[in-house]
Amino acid sequence: MGRETAGRFLLAFLVASYFLAMLLSGGVDRFLSEQYTMTAILRVGVPDEEGTGIEGKVVALSPVREAKYRNPEEAWKEFLLTYPGLESLRGMGKNPLPGYVEIRLRPKSVSEEGIDEVRSALEPLPQVEKVLSGGAAMPRLLRMKRWANVLLWIGFALMCAVFLVILSMQEKSRAARLFPEVSFLADRGVPEGRIAAKRTAGAFVTGGVLILLATACSGGALYFLSLRFRLLRVGVGPAQELLDARFALPVVLFLLSATVVQGLLSLAGWRSAFSKGR
Amino acid sequence: MIEAFRVGVVSRGRTLWEGITLAVGDGEIWVGTGPSSCGKTTLMQILRGEREPDFGDVVVAGESLYRGSPGHNLRFRASSGVVPESFPGSAGKTVEEMFVLSALAAGGVGVAERKGRMEELLSMVGLSGAQAEAVSSLSASERARAALAVELFRGPRYLFLDMLLANAGKEWEERLGALLRALGREERTIVMMERHLPEKWVGMTISAPLNAEPFTFHRLGGGTSAERKAEGDPMPPGGRLPMEGGAD
Chain Y
0 MGRETAGRFL LAFLVASYFL AMLLSGGVDR FLSEQYTMTA ILRVGVPDEE
50 GTGIEGKVVA LSPVREAKYR NPEEAWKEFL LTYPGLESLR GMGKNPLPGY
100 VEIRLRPKSV SEEGIDEVRS ALEPLPQVEK VLSGGAAMPR LLRMKRWANV
150 LLWIGFALMC AVFLVILSMQ EKSRAARLFP EVSFLADRGV PEGRIAAKRT
200 AGAFVTGGVL ILLATACSGG ALYFLSLRFR LLRVGVGPAQ ELLDARFALP
250 VVLFLLSATV VQGLLSLAGW RSAFSKGR
Chain G
0 MIEAFRVGVV SRGRTLWEGI TLAVGDGEIW VGTGPSSCGK TTLMQILRGE
50 REPDFGDVVV AGESLYRGSP GHNLRFRASS GVVPESFPGS AGKTVEEMFV
100 LSALAAGGVG VAERKGRMEE LLSMVGLSGA QAEAVSSLSA SERARAALAV
150 ELFRGPRYLF LDMLLANAGK EWEERLGALL RALGREERTI VMMERHLPEK
200 WVGMTISAPL NAEPFTFHRL GGGTSAERKA EGDPMPPGGR LPMEGGAD
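Chains Y and G are the protein sequences, given in the same order. Residue numbers 0 to 277, in numbering that gives the first Met the number 0, belong to the letters of the first sequence in order. Residue numbers 0 to 247, in numbering that gives the first Met the number 0, belong to the letters of the second sequence in order.
It is possible that part of the hints are untrue.
Derived DSSO-like pairs (lysine-lysine); straight-line CA-CA distance at most 30 Å [stated by the list, open to error]:
{"hint": "1", "chain 1": "Y", "residue 1": "LYS129", "chain 2": "Y", "residue 2": "LYS107"}
{"hint": "2", "chain 1": "G", "residue 1": "LYS199", "chain 2": "Y", "residue 2": "LYS197"}
{"hint": "3", "chain 1": "Y", "residue 1": "LYS171", "chain 2": "G", "residue 2": "LYS92"}
Bear in mind the hints are in silico, worked out from the structure with no lab data behind them.
Please construct the entire structure, taking both the sequences and the accompanying hints into account.
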């Protein structure tokens, strides 16, 4: 019994970890949003105040997570860091590079619609020379992103299916093991329905507690691992975000459905063992 | 009162027996005897409401166990105890855990009360201190007596005992006879199935055996209040069992 519960907890922990990681990361959305940047190149001669103003406007756009204005001097320093030895390009002390605004989108907004929204907000501005957003490669990249997300969710569905199969096998064997006791009670006039209802109610409570503990542990594990491993932080995101209100509903639905499923599987296992026993 | 009317059973396409008629009054003790594999357990199951007969009917308190309401059958089973030929298997269960199960069937009994009554009942059947023993580690005789104690825990009004004497062994015939008669005095109705009526019990019968092929039914005396009066039994109705606290 103890080993069975430990096995069930481990499975629930894995499923919950997968679910929380998917919820936080949105599949590959978070990773892509860390890697992908849009750049609004400003015209030469746009003053710093206007560049900063544009940065503020961009940040206010809903798809944008972060925007950073770099003035021409900063742009020149970055250029020299990347291409050392090209100082001679700055003839007569004049900086040939314009300022620019580097834009990072929210994970959910790395999409054609999100990119278009930012472009259409920036392109009409007279200070903006052009907006770089990945060009022709972007649609293919976004298509790949969608497929990768679908595959990851299929992985989650498969994991849930494995969890369900193992759970139903456990419940059937539990019910078969309990059958002598249950038939002892049934033989002595305790209604079968009452026994089944009590057992199912018990399974609801223990199943609920188990999935709650497993989810809490997986949240904690994600938190500590993301502190330690940068890759996890970049790919999945900071675990403390799980406390955001926007995740409350999916987490509650996950806990509820896992609890209900455990209760129903217990009832089904019990019914099957009892009908065989009769 | 349990009344069986022309009860019969078909097994593997042939009639095993039919036309069994029996009336067991409240507080009466009946022992049905018959050869091996003649269907004693089946008859007991039929009388208890567990298995519908292929012919005839069983009526308890004026209502059929099989054609009446399911609630009537359930209530009858709740008010009856059964000691099967082999103690309910529950691998790894201790005697105490069987009492817990019995308490559950009785609708719940407090821990202190359960422990007290369990010790009393176990000592009555010669199993003092056996509560921690695994059922599987007990001998056939001990199992039969433990099963009886577990059933008596619920205080059933009707008691069905399948091969209790055969399993408990000869040395327990006399003591169990006294215990069952004492239960009869408490207005409990007892139906037993055995291969033979023990010699020591023949003197306890109060009427001529009732023959109903392949069974013979013997009625033991000392159960009903009329019989008690006739025997000059001083035990008041509802009094404590004489063997309580000192069977061994």
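Quick rundown of the hints versus the structure:
1. LYS129(Y) - LYS107(Y): 24 Å, holds
2. LYS199(G) - LYS197(Y): Judged against 30 Å, a Cα distance of about 47 Å means the pair is violated.
3. LYS171(Y) - LYS92(G): 20 Å, holds
Figure legend: structure checked against the earlier numbered hints; the only hint not met is number 2.
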